[in-house]
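Quick mapping for you: the protein sequence lines, in order, are chains U and Y.
No gaps in the numbering here: position 174 of the first sequence is 174 in this note's numbering, and each next residue is one more.
No gaps in the numbering here: position 187 of the second sequence is 187 in this note's numbering, and each next residue is one more.
Take the hints with a grain of salt, since some may be wrong.
[To be verified] Result set (DSS-like, lysine-lysine): computed pairs, CA atoms no more than 27 Å apart in a straight line:
(1) Y:Lys22 / U:Lys22
(2) Y:Lys172 / U:Lys119
(3) Y:Lys193 / Y:Lys82
(4) Y:Lys50 / U:Lys22
(5) Y:Lys119 / Y:Lys64
(6) Y:Lys50 / U:Lys64
(7) U:Lys64 / U:Lys139
(8) Y:Lys172 / U:Lys63
(9) U:Lys172 / Y:Lys63
(10) Y:Lys188 / U:Lys139
(11) U:Lys50 / Y:Lys64
(12) Y:Lys119 / U:Lys82
(13) Y:Lys139 / U:Lys188
(14) Y:Lys64 / U:Lys119
(15) U:Lys82 / U:Lys139
(16) Y:Lys188 / U:Lys132
(17) Y:Lys50 / U:Lys82
(18) U:Lys140 / U:Lys119
(19) U:Lys50 / Y:Lys22
(20) Y:Lys64 / U:Lys172
(21) U:Lys193 / U:Lys132
(22) Y:Lys119 / Y:Lys50
(23) U:Lys139 / Y:Lys193
(24) Y:Lys64 / U:Lys188
(25) U:Lys193 / Y:Lys188
(26) U:Lys172 / Y:Lys132
(27) U:Lys172 / Y:Lys119
(28) U:Lys140 / Y:Lys193
(29) U:Lys132 / Y:Lys119
(30) U:Lys172 / Y:Lys139
(31) U:Lys193 / Y:Lys139
(32) Y:Lys82 / U:Lys193
(33) U:Lys82 / U:Lys172
(34) U:Lys22 / Y:Lys119
(35) Y:Lys172 / Y:Lys139
(36) U:Lys193 / Y:Lys193
(37) Y:Lys193 / U:Lys132
(38) U:Lys193 / Y:Lys140
Honestly, the hints are just simulated from the structure, not real lab data.
Number of protein chains: 2
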Amino acid sequence: MAKNRNTEQKIFDAATELFLEKGVDRTSVRDIANKAGINLALMNYYFRSKENLFDTIFSSLVKKNSEDLIRILNSDLELYDKIRQYVHVYIDMLSDNPLLVSFVMAILHRSRERITEMKAITSLYSTEAFTKQIIEEGKKGSIRRTDPTQLFVDMLSLIAFPFAIKTLIRDKNSFSEEEFQAFIEERKRRVPKMLIDSMRPCS
Amino acid sequence: MAKNRNTEQKIFDAATELFLEKGVDRTSVRDIANKAGINLALMNYYFRSKENLFDTIFSSLVKKNSEDLIRILNSDLELYDKIRQYVHVYIDMLSDNPLLVSFVMAILHRSRERITEMKAITSLYSTEAFTKQIIEEGKKGSIRRTDPTQLFVDMLSLIAFPFAIKTLIRDKNSFSEEEFQAFIEERKRRVPKMLIDSMRPCS
DNA sequence: GTCTATAACAGGATAGAC
DNA sequence: GTCTATCCTGTTATAGAC
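Based on the provided sequences and hints, a complete structural model is requested.
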């Protein structure tokens, strides 16, 4: 009982790392048991099945990483500041966990039909409050009239995609890990600027 | 011998479709044989192994879809026109094959260490000619001084990522397939505008 | 709660008949 | 070139001893 929570956590941690690193399909429960330093059977004891372990991990990852972002979208920040902060926080989050994008996209592709994961992922995506803000400011004329869906897709694309093609970027430009970090750091300024420029009323 | 080329092609086609649809790891050689309407053993007869079949298909897909794009980058089009056309052609290509993005990204994640695939994918990415054009026009002052790598990553992100999260976009906005198409169609105008605005010399 | 042992099966690949 | 039959390995999952 002393080890109860401990073992469960070790399995959870090892599996999380492996799922992110190698992908769910290429990770066997033996891999997980080895990495966690526990017995093969314990995975089933604590998590019933690999699929169930995966669901648990996936929900946890999404929840952990989306809460801050949703809070920003729903805050009463001025629009441009909101965008700047959203981009900043999102990029920092992905810098800490660069494999997250590929992972979520693999799941998105893998479970196109499965409701559970879709619902979870959908929660990552925009919010009522933000959409309304875009539309109302468009009516007021403080920004150009902008399709909120297009804007949000632009924003997500510019934030997330570079992490998905990290290998490619590093390889093509012979970037060291530090150089890649600097490249990403620069995007914290660049991306909000682009987005904001696209909605400036002047034209 | 009459059926020679034919059978090989049937295997190739069936496997391509399945790899794109379900991913390489979740596609078994039995699936491929079934879909192709041929015998299990014939896959090995023609392609030696599943891995080799995959390599063949992958190279073919990359080559088929990258040639037009590279030609545009290397053409002597005026910069803004080049960007407009690149975006246009790329988006059309992905509209015809929306699963391509997820597929390539899965491979990118899966084979971070493998040279062969990396080399192939790298060829998708920018060109000398384009990079030079950006730098020289920056020096001339006809555009703002722009990091070609950042610009290219912006461009790829805005073009490709929406296809990777197609399910998410459709789900969240309750888009029909036609509405999604219209959404993407709109991006053929929107994306070049954003990119070009970001490099206009004024500001 | 933790272990060993094993069931039950799916996967890729090949030998050999035709 | 195409088929059947089969091998072998690796996989998830569980029964049952401790």
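### Query
What hint numbers does the structure not satisfy?
Violated hints (numbers, rising): 6, 7, 11, 12, 14, 17, 18, 24, 29, 33 and 35; every other hint is consistent with the structure.
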